[in-house]
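Visitor: Residue-level listing of the chains:
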Amino acid sequence: MGEPFLIGDAMTGGYGSVDILHDCTVAVEKGEIAVIVGPNGAGKSTAMKAVFGMLALRSGAVRLDGKDITALSPQDRVAEGMAFVPQTSNVFTSLTVEENLEMGAFLRRDDISGTMEQVYDLFPILRDKRRQAAGELSGGQRQQVAVGRALMTQPKVLMLDEPTAGVSPIVMDELFDRIIEVARTGISILMVEQNARQALEIADKGYVLVQGRNAFTGTGADLLGDAEVRKSFLGG
Amino acid sequence: MDVLNAFVALANFVLVPAIAYGSQLALGALGVTLIYGILRFSNFAHGDTMAFGAMVTILTTWGLQSLGITAGPLPTALLALPVGILGTAALLLATDRVVYRFYRRQKAAPVILVIVSMGVMFIMNGLVRIIIGPGDQQFADGERFIITARDFKSATGLSEGLAIKTTQGITVAAAVIVVALLFWFLNRTRTGKSMRAFSDNEDLALLSGINPERVVTYTWLIVAALATVAGVLYGLDKSFKPFTYFQLLLPIFAAAIVGGLGSPIGAIAGGFVIAFSELSITYAFKKVFNYLAPENLQVDTLMQLLSTDYKFAVSFSILIIVLLFKPTGLFEGKSV
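Chains Z and P are the protein sequences, given in the same order.
Per our numbering, the very first residue in the first sequence carries number 1; after that it's consecutive.
Per our numbering, the very first residue in the second sequence carries number 1001; after that it's consecutive.
Keep in mind that the hints were calculated from the coordinates and are not lab data.
Keep in mind that this is a model prediction, so the values were computed, not measured.
A virtual CB, placed ideally from N, CA and C, is assigned to each residue, including glycine.
Any given hint could turn out to be false.
[Stated by the list, open to error] Listed below are several chain P residues computed to face chain Z (Cβ distance under 10 Å; list not exhaustive):
no.: 1; residue: 1187
no.: 2; residue: 1193
no.: 3; residue: 1194
no.: 4; residue: 1196
no.: 5; residue: 1203
no.: 6; residue: 1205
no.: 7; residue: 1206
no.: 8; residue: 1209
no.: 9; residue: 1210
no.: 10; residue: 1250
[What the hints assert, rightly or not] From chain Z, some residues computed to sit far from chain P (all C-beta separations above 12 Å):
no.: 11; residue: 18
no.: 12; residue: 41
no.: 13; residue: 70
no.: 14; residue: 167
no.: 15; residue: 177
no.: 16; residue: 201
[Unchecked claim] A short list of chain P residues far from chain Z (calculated; beta carbon distances all over 12 Å):
no.: 17; residue: 1013
no.: 18; residue: 1059
no.: 19; residue: 1132
no.: 20; residue: 1136
no.: 21; residue: 1164
no.: 22; residue: 1178
no.: 23; residue: 1183
no.: 24; residue: 1207
no.: 25; residue: 1246
no.: 26; residue: 1284
Throw the hints in and build the complete structure from the sequences for me.
Guide: If you want it as structure tokens, here you go:
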């Protein structure tokens, strides 16, 4: 096996002159789920932003399917097949659910009704609420809209920044199930999660970041079984 | 007691003029609210943009008239309107390229853009005065009235007359058409939806691949059309004088803020709230009152709450009340 499908390789950078990431590497294989976990302030979201081009790197590279995309803007990365769901303000609150999905497919000139049906099949509740403003939905439903919007571009990679932030445990399990379903369709998933244990359970690959550096890397099961990881980050 | 005559008097002096004035304010406020929602600043140059659009239309109207082309019973200005819109669009796009784009690239704070728009306002102000002069210009032609007061009296036998000017009828009809087109565009077309998305959440719009420069261009084009139509309708209904358009800025901003900045529906509602308040507070209700009151309660005073000289105080007061008690406006716009 060659290089991973998407890799942020030895990334160093931050906001202004202070580096937050130090030689940090995250990657995901085709159709797999990679999860970034770690304590607060470890640079998890920053790593995601760096991979998506929302942060200038001082060194390191981002490669998608072997192609160097380090210099591309976030918008150009969308065109290259990457989709990003931010942690907050990730839906157009004043637009209806359907319009949110349409806006997700803004760059596409072909017929989007098929993709929209797939999203509705994945998240049936959205079909019922498609004429409702996204701002009127519950937290869990909004996250579904956010993921649905990102899927509308038919991305090869879906990046999720804490998709389960602020939702109930039941909704969280449901969302994780849906994320697994998305991965099974061949879309690579790179996500940051606060709920480290549950996230590592569904992860093919896990990255534990501490202070912007790779502390532990392994399969989800490896990390869950690692005594030190459990002690430090999973609460025993 | 003469309810019918009282109502006709009220309609003639308050309702009909307020509906026409409200439509003009609504069109102006729609422009302000679109700029606020999408470009994220309060555009102080909007009144003078309206004056510029009206000026180009007036010059074209004079040109058409000198060629002997008129619109029959309708004002010739309606034929000249498309030229006015194109001229204003060119001016606004040029201003954006030369001025606003520079500040957008710098991600300037909204308050800086407000000051910049004041600079633009003074330039446009001067431009209009240099080209057409500071004086009053009449350019309405065609039939003056749809119904004259005398015709109304002889047809109904009432002692009060109801006059509806052609310009008032055209104002309302044009406003309805323009608003319908605008809402269709914003809610049904891909570009319109992308403008709403951009206004709602700029970062997410960028992540969705919406091109901000295109959104900005479309916004200016729509604003040019709205401002020109509003300016021409106001000029037809009253008269064209550059200073009056500068003064219109206050009621227009009051309308946009009362309705909720960034909300198109709010801008329309706000326009009518301001127009009806302004006219009914400065109207002398003596006549209407005396029609309704019994013999022994007839009054001699004007029954006018505020002299018409103070009409701008009405907009100001409503503005302050709204900002104090409901800063997001009636339709939950963005708070200022």
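Visitor: If a hint holds in the structure, say so; if it doesn't, say that too.
Guide: Results of checking the hints against the structure:
A distance limit of 10 Å between C-beta atoms decides the matter here; for residue 1187 of chain P the minimum to chain Z is near 9 Å, and the interface restraint holds. Evaluation of the residue 1193 of chain P hint against chain Z yields a held restraint, the C-beta minimum of about 6 Å falling below 10 Å. With 10 Å as the threshold, the beta carbon of residue 1194 of chain P comes within range of chain Z, its nearest partner Cβ sitting at about 6 Å, so the hint holds. At a threshold of 10 Å, the smallest CB-CB gap from residue 1196 of chain P to chain Z is about 6 Å, leaving the interface hint in force.
At a threshold of 10 Å, the smallest CB-CB gap from residue 1203 of chain P to chain Z is about 7 Å, leaving the interface hint in force. Interface hint at residue 1205 of chain P: satisfied, since its Cβ lies 7 Å from the closest Cβ of chain Z, which is below the 10 Å cut-off. Interface restraint check: residue 1206 of chain P against chain Z, minimum CB-CB distance 6 Å, threshold 10 Å, status holds. Taken as an interface hint, residue 1209 of chain P checks out: its beta carbon lies about 4 Å from the nearest beta carbon of chain Z, inside 10 Å.
At its closest, the beta carbon of residue 1210 of chain P sits 5 Å from a beta carbon of chain Z; the interface hint therefore holds under the 10 Å criterion. Taking 10 Å as the C-beta contact cut-off toward chain Z, the hint placing residue 1250 of chain P at the interface is violated, the least distance being around 28 Å. For residue 18 of chain Z, the condition that its CB be more than 12 Å from all CB atoms of chain P holds, with the nearest at approximately 20 Å. Once the 12 Å rule is applied to beta carbons, residue 41 of chain Z is consistent with being away from chain P; the minimum gap is 22 Å.
Under the 12 Å C-beta cut-off, the non-interface status given to residue 70 of chain Z relative to chain P holds; the minimum distance is some 18 Å. Every beta carbon of chain P lies more than 12 Å from that of residue 167 of chain Z, the smallest distance being close to 19 Å; the non-interface claim holds. Distance check on residue 177 of chain Z: its Cβ is at least 25 Å (rounded) from any Cβ of chain P, clearing the 12 Å threshold; non-interface status holds. Even its closest Cβ contact with chain P, about 29 Å, leaves residue 201 of chain Z beyond 12 Å, as expected for a residue assigned away from the interface.
Consistency note on residue 1013 of chain P: stated as away from chain Z, and its beta-carbon is indeed over 12 Å from all of that chain's, at 39 Å minimum. With a least beta-carbon separation of about 40 Å from chain Z, residue 1059 of chain P lies farther than 12 Å from that chain, consistent with its non-interface assignment. Consistency note on residue 1132 of chain P: stated as away from chain Z, and its beta-carbon is indeed over 12 Å from all of that chain's, at 40 Å minimum. A cut-off of 12 Å between C-beta atoms confirms that residue 1136 of chain P is not in contact with chain Z; the least separation is 43 Å.
With a closest Cβ-Cβ approach of about 38 Å to chain Z, residue 1164 of chain P is found to remain outside the 12 Å limit, as its non-interface label requires. The beta carbon of residue 1178 of chain P is kept farther than 12 Å from every beta carbon of chain Z, the shortest such distance being approximately 22 Å. A cut-off of 12 Å between C-beta atoms confirms that residue 1183 of chain P is not in contact with chain Z; the least separation is 14 Å. Not every CB of chain Z is more than 12 Å from the CB of residue 1207 of chain P (nearest about 6 Å), against its label as outside the interface.
The claim that residue 1246 of chain P lies off the interface holds: its Cβ sits roughly 33 Å from the closest Cβ of chain Z, which is beyond the 12 Å cut-off. Distance check on residue 1284 of chain P: its Cβ is at least 43 Å (rounded) from any Cβ of chain Z, clearing the 12 Å threshold; non-interface status holds.
Of the hints listed earlier, those the structure fails to meet are numbers 10, 24, in rising order.
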